[in-house]
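Enquirer: In case you want the letters, here they are:
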Amino acid sequence: MAGRWKNDLTLDDVTPRGIYLNRRQMLTSLTAAGLGLSVSPAAAQGADLEPNTFEDITSYNNFYEFGTGKSDPAEYAGQLTTSPWTVEIDGLVDRPGPVSMDDILSRMEIEERIYRLRCVEAWSMVIPWQGFELADLLEMAGVQDGAQFVAFQTLLRPEEMPGQKRPILDWPYIEGLRLDEAMHPLTIMATGLYGKPLPNQNGAPLRLVVPWKYGFKSIKSIVRITLTDRQPETTWNLAGPDEYGFYANVNPNVDHPRWSQATERRVGGGLFSRRIDTMMFNGYEDEVASLYRGMDLAENY
Amino acid sequence: MTRTQRVNAALRQVPSWAVYGLGALIPVYYLYLGLTGGLGVEPVNALERALGDLAIKALVVVLAVTPVRRWTGISLVMHRRALGLLAFFYVVCHLLVWALLDVQDFGRVWADIVKRPYISIGMIAFVLLLPVAATSNNLSIRKLGPVRWRRVHMLTYAIGVLGAAHYIMVQKTWEAEPLIYLAVILGLVATRLPALRREFAS
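In order, the protein sequence lines correspond to chains X and G.
Counted from 1, the first sequence has number 128 at position 128 by the working numbering; the numbering is strictly sequential.
Counted from 1, the second sequence has number 83 at position 83 by the working numbering; the numbering is strictly sequential.
One chain only, chain X, in its complex shape (with noise of 0.2 Å):
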């Protein structure tokens, strides 16, 4: 069942790219000449949710498995063979086995979600996605009674991911969530962004997407979804366990250990781009608080 959660934001919303970019390039000069150092207040506190242009988006990511450098994915990633594409649901699930990506998309309602994103490192983004429900997949495949996480894991394929053939991480990179957390509406699995089909440097052809969470939590490339009745370990917690939670909420009152995440850089602002407070689950709190009700969060970092 799609739909369970509305936008309150539409495709309609979405600035056209040929003005969006010819307003980019009038705000450009005008900082150049040192006129637009002033931004809206409505931008200043987060309400300001205009997307990212199709360029941010692909331009700037973070894809250990291509490089750590921001524009490595967008240089690397071409070379990835995305089609055929299998994921395999296994663990505490009816039916376990192999779907293929057809499959799943002539079974899954696509939708749109316009979404923040919040990286851990302190910037965000504004982008239009297109997905599907995480919880219709797995209800497709049948949750168990005993299962209470599920754990997701990237493809594993060094000739055509580099940053696979160093040990920048263990690979492949794996990631998990509470199972209500994996049901809840506002998580999605994405197969495109701005109407094209999903590209390599984004996670084509299948990622998770859960945007009140850290975007280190939203696993890219996805080739296997086990239901599991422990909590599953996850990449990044392995690699800094000191700095990289489980849960990985969105949270302004609890530091990163090397940085704050009180403030966040929207991308595409330009040099002289105002910092944003960063909100609460990301400015999901209304629909996700319930979820950590009782926990403390500092300690659940």
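Quick caveat, the hints were computed from the structure, so don't treat them as lab data.
Note that this is a predicted model, so its numbers are computed, not measured.
Glycine included, C-beta positions come from ideal geometry on N, C-alpha and C.
One should not assume that every hint holds.
Calculated lysine to aspartate or glutamate pairs in the EDC-like style (CA-CA distance at most 16 Å, straight line) [as the list claims (entries may be wrong)]:
hint	chain 1	residue 1	chain 2	residue 2
1	G	Lys172	X	Glu243
2	G	Lys172	X	Asp170
3	X	Lys165	G	Glu175
4	G	Lys115	X	Asp255
5	G	Lys115	X	Glu243
6	G	Lys172	X	Glu121
7	G	Lys172	X	Asp242
Chain X regions said to be covered by chain G (calculated; three or more residues, Cβ under 8 Å) [claimed, not checked]:
hint	stretch
8	62-74
9	264-271
Here are the in silico distance ranges between beta carbons for each label pair [as the list claims (entries may be wrong)]:
hint	chain 1	residue 1	chain 2	residue 2	range
10	G	Ala24	X	Asp170	41 to 49 Å
11	X	Asp170	G	Ala9	54 to 62 Å
12	X	Glu233	G	Val184	33 to 41 Å
Once you have looked at the hints, place chain G on chain X.
Expert: Below, chain G without anything else, positioned relative to chain X:
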């Protein structure tokens, strides 16, 4: 004239103002790139990193002047002051971009300096650079005398090591490049150990 002598003669022909001028243009060029989209869609972070990278490269060059002369005979000594002051200039640019364009708030700049070890280390390196840069002139050599002046400038060894540590600590994972910088800088500082021992043996 040997080849080394020819190279040294050519190096002596390069006027100091050219070294200062060309070196100072690099951050200006980066700024231009940042303003015109040449640093990508998130230019603040890119500019900050580019300037930090430039600063540590300049420090490596400065630290390499003496060992290179000893091993190859090629001497950059007459340009060492310019290279050192350029390294200081790059560090100042890096710091300004971090404070003004990135953090944007004096309270948070101070909080970061006291709370975040990699920033504390970077700031210590910057503070140590201040007396070195301030005495990079002939008047200071005369006023301090050669021994004291030399000792002040030996701070450069610590600055290089702290700079490399800062670079390693800012990364999210263990990256090769910062580790290589640390290894090179430690190697260059190690060539000074006999001299340091002589200097402070008393």
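Enquirer: Each hint should be assessed against the structure and marked as holding or not.
Expert: Checked hints:
1. Lys172(G) <-> Glu243(X): holds (10 Å)
2. Lys172(G) <-> Asp170(X): holds (14 Å)
3. Lys165(X) <-> Glu175(G): holds (13 Å)
4. Lys115(G) <-> Asp255(X): holds (11 Å)
5. Lys115(G) <-> Glu243(X): holds (15 Å)
6. Lys172(G) <-> Glu121(X): holds (9 Å)
7. Lys172(G) <-> Asp242(X): holds (12 Å)
8. 62-74: holds (count 4)
9. 264-271: holds (count 5)
10. Ala24(G) <-> Asp170(X): 41 to 49 Å: holds (44 Å)
11. Asp170(X) <-> Ala9(G): 54 to 62 Å: holds (55 Å)
12. Glu233(X) <-> Val184(G): 33 to 41 Å: holds (36 Å)
When the structure is compared with the earlier hints, no violation turns up for any of them.
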